[in-house]
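The primary structure of each chain is shown beneath.
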Amino acid sequence: MSGISIAIIGAALCAALAGCGSAIGVMAAGKAAAGVTAEKPDLFGKLLVLQALPGTQGIYGFLTAILIMVRIGVLGGNAAELTVWQGLQFFGAAMPMAITGLVSGICQGKAAVGAIHMTGKQPDASGKGITMTALVETYAILALLTSILLIYGIQL
Amino acid sequence: MTEYNVYGKKSYAFAIGRLSGTTHAVLREETLARLREADFDTAQKLLIDCGYPAVTDGKTVYDAIEEEKNAVSAFVREISPDEELTQLLFFEEDALNLKLLLKSAALEREADDSLLCEGSFPTELLRVCVQVGDYSLLSETIGQMLEGIEQETDPGRISCLVDNAMFAHALHTAEKKHCTPLVRLFTVYGEGKNRLTVLRLRRLQMPISEYGFAFLPVGTPPNEEDRDEETILSETRAQLENVLTDLGYDEGIGAIAQYYFRKKSETAALRLLFAEKSAKETGGSTS
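Chains as they are written, first to last, in this note's numbering: chain V, 35 to 190; chain E, 10 to 296.
No lab work stands behind these hints, which were simulated from the structure alone. This one's a predicted model, so the numbers in the text were calculated from it and none came from an experiment. Beta carbons are placed, not taken as given, at the ideal position from N, Cα and C, and that holds for glycine. A couple of the hints might just be wrong.
[Claimed, not checked] Restricting the straight-line Cα-Cα distance to at most 27 Å, the calculated cross-link-like pairs of lysine-lysine (BS3-like) are:
no., chain 1, residue 1, chain 2, residue 2
1, E, Lys18, V, Lys144
2, E, Lys186, V, Lys74
3, V, Lys155, V, Lys144
[As the list claims (entries may be wrong)] Derived DEER-like restraints, expressed as beta-carbon distance ranges:
no., chain 1, residue 1, chain 2, residue 2, range
4, V, Gln156, E, Thr291, 57 to 67 Å
5, V, Pro157, E, Glu39, 36 to 46 Å
6, V, Pro157, E, Ala247, 29 to 39 Å
7, V, Gly161, E, Gly165, 38 to 48 Å
8, E, Ser218, V, Leu169, 58 to 68 Å
9, E, His187, V, Gly161, 56 to 66 Å
10, V, Leu109, E, Tyr258, 27 to 37 Å
11, V, Ile133, E, Thr229, 10 to 20 Å
12, V, Pro75, E, Arg211, 35 to 45 Å
13, V, Pro157, E, Ala284, 32 to 42 Å
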């Protein structure tokens, strides 16, 4: 297998896994939000924020994949000649965002479900719910930073 | 419990979301305390402010409480994704309906439909069972436990047999469906009821050994001879409260069961509370 193929697989996995994590998280939060909105339609605005929060991991995964594609020249149509070792380095650089994106997307979805239920019971507590859910985001941001630093640290 | 759904089916996540936002929310302890302190009219107004139906057109506060209870039953049935498990929550209503029909049959009268509440079994089916004396139409467990009940003449014994049969059916079905939250709830509930039965028998100075039929078929009959009533009552209350609190964290039928049991005990407590107030204001006593 060529180095460029390994790097592309890394970028694809990053976008796919983080996207799956977000999709699961947003789905779980969406079901709970739909239930609360069925009873209290006025809370839609507050609940939408909570439902959207687990969606950011998918964006981070997509961003990481784009950065890899830019670095290896796939986007410009001028793909770099990578050794297998360099390809593996790009693959490894994609993994923090891929794995953390998948796990934190699901976990943030669960936290969002809890916060949505809390908002359903106490609409004034939605700010606290958003804060609690947003804390899970920290680890996705750290993973994104790690991946970006690694991608730009690879010598071509 | 994990519930996987395809599009178009109800999900527990949606159901629990609806429970969180419902206008029929369980009253908070502070609200109940305010209701206890208020006089009858103020308490009635406070109850309406909490979302209970308005007391108008010759209706009493008891009608409003009954209306709320019926609305909660209908709501639980509407949101729950698993109909079979949800129906198990109504075992006490089924027992009440069956007792009423048996009593009416014994008196050779037609049962008053307005007294029947909505349980898990259709009242027509219960009626047919009473007419033909075959309760296996309801379930195998009920059929076995109520075999020959028409020969019974002691109303107390009939009442206990019906309660036991409906409870056993609910517990066995929950066990068969491997529904841990409901099995745990029914077990603790049954054991608690059995402890209360011991207290009642003790107060009536009746020997426990002669009233084995009065105990729900769960666990071993309690031995509470050396303990005082207050300890038994507070322990029973705490055990049920612990289970209900745990069920609140369940992501399946447990959360729905918790809500239904809390609302049921809330309406029962409110009925008693208003009866006490009414008795006090008219100079009577309910103690």
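Quick rundown of the hints versus the structure:
With a C-alpha separation of about 21 Å, the suggested pairing of lysine 18/E with lysine 144/V holds against the 27 Å cut-off. A C-alpha spacing of about 33 Å is found between lysine 186/E and lysine 74/V, which places the hinted pair above 27 Å, so the restraint is violated. Pair hint lysine 155/V plus lysine 144/V holds up; C-alpha atoms about 17 Å apart against a cutoff of 27 Å. Roughly 39 Å separates the CB atoms of glutamine 156/V and threonine 291/E, a value that falls outside the hinted 57 to 67 Å.
Distance hint check for proline 157/V and glutamate 39/E: the Cβ-Cβ separation is about 18 Å, which falls outside the suggested range of 36 to 46 Å. Evaluation of the 29 to 39 Å hint for proline 157/V and alanine 247/E yields a pass: the beta carbon distance comes to about 32 Å. About 57 Å separates the C-beta atoms of glycine 161/V and glycine 165/E, a value inconsistent with the hinted range of 38 to 48 Å. At roughly 59 Å, the beta-carbon separation of serine 218/E and leucine 169/V lies within the given 58 to 68 Å, and the hint holds.
Our hint of 56 to 66 Å for histidine 187/E and glycine 161/V is violated, since their Cβ atoms are close to 40 Å apart. As the Cβ distance of leucine 109/V to tyrosine 258/E is approximately 47 Å, the hint placing it in 27 to 37 Å is violated. Checked against the given bound of 10 to 20 Å, the beta carbons of isoleucine 133/V and threonine 229/E, roughly 51 Å apart, lie outside it. Take proline 75/V and arginine 211/E: their Cβ atoms lie about 53 Å apart, and the range 35 to 45 Å is violated.
Taking the beta carbon of each, proline 157/V and alanine 284/E are about 34 Å apart, inside 32 to 42 Å as hinted.
In the structure shown, a violation is registered for the earlier hints numbered 2, 4, 5, 7, 9, 10, 11 and 12, in ascending order.
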